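Residue numbers (our numbering), protein chains in the order written: chain A, 34 to 196; chain B, 4 to 802; chain C, 899 to 1182.
Hint data in this document are derived by calculation from the structure and do not stem from the laboratory.
Hints are not guaranteed to be accurate.
[To be verified] Here are the simulated lysine-lysine pairs, BS3-like style, with alpha carbons at most 30 Å apart:
(1) Lys-27(B) / Lys-177(A)
(2) Lys-537(B) / Lys-526(B)
(3) Lys-492(B) / Lys-400(B)
(4) Lys-177(A) / Lys-492(B)
(5) Lys-177(A) / Lys-655(B)
(6) Lys-177(A) / Lys-342(B)
(7) Lys-526(B) / Lys-177(A)
(8) Lys-560(B) / Lys-664(B)
(9) Lys-537(B) / Lys-564(B)
(10) Lys-425(B) / Lys-162(B)
(11) Lys-652(B) / Lys-434(B)
(12) Lys-162(B) / Lys-434(B)
(13) Lys-400(B) / Lys-655(B)
(14) Lys-93(B) / Lys-61(B)
(15) Lys-537(B) / Lys-567(B)
(16) Lys-177(A) / Lys-425(B)
(17) Lys-526(B) / Lys-664(B)
(18) Lys-492(B) / Lys-664(B)
(19) Lys-664(B) / Lys-342(B)
(20) Lys-492(B) / Lys-537(B)
(21) Lys-434(B) / Lys-177(A)
[Said to hold, decoys possible] Pairwise CB distance ranges (calculated):
(22) Gly-115(A) / Gly-1074(C): 40 to 46 Å
(23) Asp-444(B) / Asn-150(A): 53 to 59 Å
(24) Pro-1071(C) / Ser-184(A): 56 to 62 Å
(25) Glu-77(B) / Gly-115(A): 50 to 56 Å
(26) Gly-1074(C) / Arg-25(B): 56 to 62 Å
(27) Asp-925(C) / Glu-77(B): 43 to 49 Å
(28) Arg-38(A) / Val-1052(C): 50 to 56 Å
(29) Ala-1058(C) / Glu-47(A): 53 to 59 Å
(30) Glu-781(B) / Gly-1182(C): 45 to 51 Å
(31) Arg-38(A) / Leu-270(B): 35 to 41 Å
If you're wondering where the values come from, they're calculated on a predicted model, not measured in any experiment.
C-beta: ideal position from N, C-alpha, C; glycine also.
Letter by letter, the chains look like this.
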Amino acid sequence: MPRIRVEVDGATYEDDVEPRLLLVHYLRERLGKVGTPVGCDTSNCGACTVLMDGMSVKSCSVLAVQADGRDVTTVEGLGVDGTPHPMQTAFHEEHALQCGYCTPGMIMASLDLLRENPDPSEQEVREGLEGNLCRCTGYQNIVKAVRRAASDMREPAGQEVTP
Amino acid sequence: MTVQEVGSPRRRSEDARLITGRTKWTDNMSPAGTLHVAFLRSPFAHARITGIDTSRAKQSPNVVAVFSGQDLAEEQGSLPCAWVVTEDMKHPEHPSMAVNEVRYVGEPVACVVARDKTAAVDALEEIDVDYEPLSAVVDMEAALAEGADLVHDDLGTNKSYTWVFENGDLDAAMRDAPVVIERRYVQQRLIPTAMEPRSVLCVPEGDEFTLYSATQIPHILRLMLATVTGIPEHRIRVVAPDVGGGFGSKLQVYGEEVLALLLARRLGRPVKWTETRSEGNMTVHHGRDQIQRLTLAAERDGRIRGLKVDLLADMGAYLMLVTPGIPLLGAFMFNGIYKMDALSFTCTGVFTTKVPTDAYRGAGRPEATYAIERLMDELAAELGIDPIEVRRRNWIKHEEFPYETIAGLTYDSGNYEAATDKALELFEYDKLRAEQADRRDRQDPVQLGIGVSTFTEMCGLAPSRVLGSLSYGAGGWEHAAVRVLPSGKVEVVTGSSAHGQGHETAWAQITADRLGVPFEDVKVLHGDTAISHKGMDTYGSRSLAVGGVALFSACEKVVDKARKVAAHMLEASEQDLEFTAGRFSVRGVQQEGKTLQEVALAAFAAHDLPDGIEPSLDSDATFDPENFSFPHGTHLCAMEVDTETGMVKIRKYVAVDDVGKVVNPLIVEGQVHGGLAQGIAQALYEEAVYDAEGNLTTTTMADYLIPSAADLPTFTVDRTETPATTNPLGVKGVGEAGTIASTPAVVNSIVDALRPHGVHDVQMPCTPERVWRALRGETKPGAAQPGAAGGLGSAGGDQ
Amino acid sequence: MIPATFDYVRPASLDDAVRALSDAGEDAKVLAGGQSLMPLLRMRLAIPDALIDLDRLDGLREIRDEGDSIVIGAMATHHQVIRDPLVREHVPLIATTTETVADPAVRHRGTFGGSLAHADPASDLPAVALALDAVLLVRSVRGEREIPASEFFVDWMTSAMEPDELLVGVRVPKLGAGWGVHYEKFHRTAQAWAIVGVACAVHRSGDGIEEARIALTNMGPTPVRASAVETAVRGGSASEDAFRTAAAQAAAGTEPPTDLDGSSEYRTHLATVLTARALSAAAG
């Protein structure tokens, strides 16, 4: 079994893994990081989205061995000292979640979107989140939340807000 | 000074754990020693099982046990159907795991229990099953024909039941009617697709069991598990932890839940199973699937005389919890908001070799609303009058409430005029009609259509007496308890079981107002039969209109009791006390008073209680509604239709809903948004497709198209507020309104765009090809032949 | 679902990769971005004995200028291709088409080469490679060879590569000045595959069309060049009428599939409408 070394949410883990182990199952079952859920088996729903080396990936479509040497951020790694990340706050303020199952992936995908485009239009948010499905909200408040977070994250001048 | 909580857009208490990933989904839990289950499922729609060999699987590494349906035949019982709709309803046995015969693709035939999920899945490949294929029964109409292949040989028929409701003289209404419109509409099969897949974990402790499940119905599930397995009810605790959406799909007693309990009992260890999405698409109960034959008779001025409804409803292979009753929930809604002299409703439930149908958001009411709202547009077109006008001529006027409809329901309140006027204004109806005319004149390849839906629905399920009269197996009440802790903090226990609806917030708002305590001081507990011993759970837009009202009553009882204690403490008479902002004071002597917290502490200490008063302020209440509630609204959809390709695009969508009094406008708006998305998805995108051999061809999210943010417009959502008169909160329910209203609005808009081309229907989902074929005058859309390509061969993203 | 077991090889060099592929035999699969392969593995629709993971071959992610053409490394991600200045300047059709592929997270992992090697006629990039007369550079222990796109896609999800051959890069001739490009994608939802797609590059001169290159997505078991339309518009006027007339032949010689998204007949119709639109858009 290959040995991997992965940084997840600021901690370093070393493990022997079966090559077929998916990153999302590694996170959930080996590391106990169950904040990242699984919603499908075809990489359509995006519920399992995490950041790998800063870029969004669907952790159901990456093998754990492929994360060897990488830096993974999950929804559990956001925020500082109990203060939620502005994206998390925006989802709360704009009622951008109901059952909340898609929320971790939606938040991670939204962070990736803002990294690329700090001031997206409504249409750009909609297109940027096309790989993340939600069954509860009709997306309207998610779009509002992402734009609100974009504004909040641009505001604190000189202060970089990164996940 | 306390803020008025009810009516304010409180941000949800639930969110803190959901936005940080600290959520308690069932699949997140794995107590020490947990075993994992994987199911081997039938690849055939219909076959006899002639042999199962599990010996190799049992030898697989890390496998603890393997069972076939036959192995558990003695103990697995039959899955329940709680709604025997007619005395002669055919109701087949339904084992959790098939024993002799399989009747839909995906039906479980064996299971592996192993140390981990991977070992369980690997060992499935070591099980050999011999099948003798039998004929699939896929088409409802063919299934009823003479000599048809049977789903259940022993029943001698594929018909489960025929249920009839009639009121008024339909023959008179139809006789010499100046206008008769006959239509056949098909409600396609839908897969509810809650984002959280089903998951169940059963933890044994001696002869007692705690079953965690992604369910909407912990209370009903507990009773049913006891009934099916014979394990006494008080030895079973059911917990619905955080549940990631349901939309009716988790209003069910699933075989996997029963089996988790049986396996935990057999093996004495925690047992867990979580479905994959493709497994779920095949085996979670589906929704809708009706063929509707409709005849509407009207006068030339547009006034409706009567409506005849003849339904075929696909039950699938078995009757599950409320399978046969779902279409009947629509029986009383086909008349919509309109007055008419006669209504005749007949529904025949048909067995097919597909996964059973059951509740899906709206459950019966979307089907009915679709039919009547499509017919109203057809009537308007037939008569050459505006679709809004034809509705005005027929709807119940606001001064006519309460109004007993032809379906025998009493609509307590409503104001269709107000909702419609508001919607028309927001929509800029006249302007869009002008644009439509212009595009028609110019023969623009992109045509504009306007769809109308003026709907009502019945929610607040349900008055127990009514359920009894419909032969439903239980009541429709709800329970709430309020516990005032010694420190003055408050715990609310509700029998409702939220899975995204925000009860933890809304219930706290109601409580904060009634008790005059801060919102933050209220904790809402739900979804655990050990904490909430009584409940009827969450479905049918019932929670606020029934459970919220129970909570209101429980709060009143707390205040009544506290008043007695406070009067004693203040040495005043109860009548002289007033209770404002959480404080009792003697009328006219504001400075002297006792807060509820002070009273609670005194009631806890019980050192000096008035005679006959028991310690603590805790109270509970059960509310059984006397009537349903009737949200209504007007939805308008403007659709651009590309006549060259058949592609449609929503240009504008306005929803004005009247859900009565609103506890939390933020939550209400969110419910409407989500409902709209699902209703639009039925109209445009979603369909569970079975091929001629009974294979489901839409097993993945690559084939069953759920709309993304990029596929939906921004909705204009507003409200009118006509309080319900049948409950003290004045609330009606909002969970299904958007879904019910939007489907006909969307299809009406497409048909409206194409009317000059002679089109009067497009089959749902209105795919580009179906729209294109309708434009070419093909009334029977040459539906895509399912299963040819597609599938996983081309699923997922590009590499 | 959980993939079946496989041996995993993560070669550190291209030579190692080619050798590993040769050693592994016919039942090995190459893992590029994995965005098509992973779902197939999870559903156990693909059960390879071995996976050769190219993830760490950063050299294969290079995009370089070779004078008349640019060479896109097989492992260049969609994300990278969309933003690459060489691609944007010289073969913008690849950039604009790639923007329509799947979603951002999938584009971070999915690769240009992987998409072509997968040879799925429903995916967008094969038609683009065909329209642009790309040449696919493949390598094995036996050496290197070049396969023109017109010969690369041989059947449904089948390429002309031998089992021991690895796609290492794609050479795409630069489009000079005067070319306009467009990819017309027709699909039911943002995530759904193209029912039909039209990749189109048009060279204008004055009011006329000097040359057009058109290839179709999902109109047969392989991407198809709409040669009849190319011939019909060449030397003609750049007018909508001319485009429509020419596009009427778009489906000539195609064998469009029938599936859940649309019938063969409908695809045949769509090809004509969308080709006319693609021509108009590309001609600007």
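- Query: Between Lys-537(B) and Lys-564(B), does the CA-CA distance stay at or below 30 Å?
  - Reply: Status holds; Cα separation ~22 Å.
- Message: Next pair to validate is Lys-526(B) with Lys-664(B); report whether the Cα-Cα distance is within 30 Å.
- Response: holds (23 Å)
- Task: Given the hint that Lys-400(B) pairs with Lys-655(B), test it: the Cα-Cα distance must not exceed 30 Å.
- Result: Holds. Lys-400(B) to Lys-655(B) sits at ~28 Å (cutoff 30 Å).
- For the pair we were handed, Lys-492(B) and Lys-537(B), check the Cα-Cα distance against 30 Å. holds (22 Å)
- Query: Taking 30 Å as the top limit, are the C-alpha atoms of Lys-537(B) and Lys-526(B) close enough?
  - Reply: Holds. Lys-537(B) to Lys-526(B) sits at ~18 Å (cutoff 30 Å).
- Message: Hinted pair, alpha-carbon criterion (30 Å max): Lys-162(B), Lys-434(B). Please report holds or violated.
- Response: violated (50 Å)
- Message: So if I understand the rule, the pair passes when the alpha-carbon distance is 30 Å or less; does Lys-526(B) with Lys-177(A) pass?
- Response: holds (29 Å)
- Cβ separation of Gly-115(A) and Gly-1074(C), checked against the hinted range 40 to 46 Å: With a Cβ separation near 59 Å, Gly-115(A) and Gly-1074(C) fall outside 40 to 46 Å, so the hint is violated.
- Message: Hint check: Lys-177(A) vs Lys-655(B), CA-CA at most 30 Å. Holds or violated?
- Response: Measuring from Cα to Cα gives roughly 18 Å; hence the hint holds.
- Query: Given the hint that Lys-93(B) pairs with Lys-61(B), does the C-alpha gap stay at or below 30 Å?
  - Reply: Answer violated: Lys-93(B) to Lys-61(B) is near 38 Å, above 30 Å.
- Below or equal to 30 Å on CA atoms is what counts here, so check Lys-537(B) against Lys-567(B). holds (27 Å)
- Given the hinted pair Lys-492(B) and Lys-664(B), is their alpha-carbon gap at most 30 Å? holds (27 Å)
The structure is inconsistent with the numbered hints 3, 4, 6, 10, 12, 14, 22, 23, 24, 28, 29 and 30, although it conforms to all the rest.
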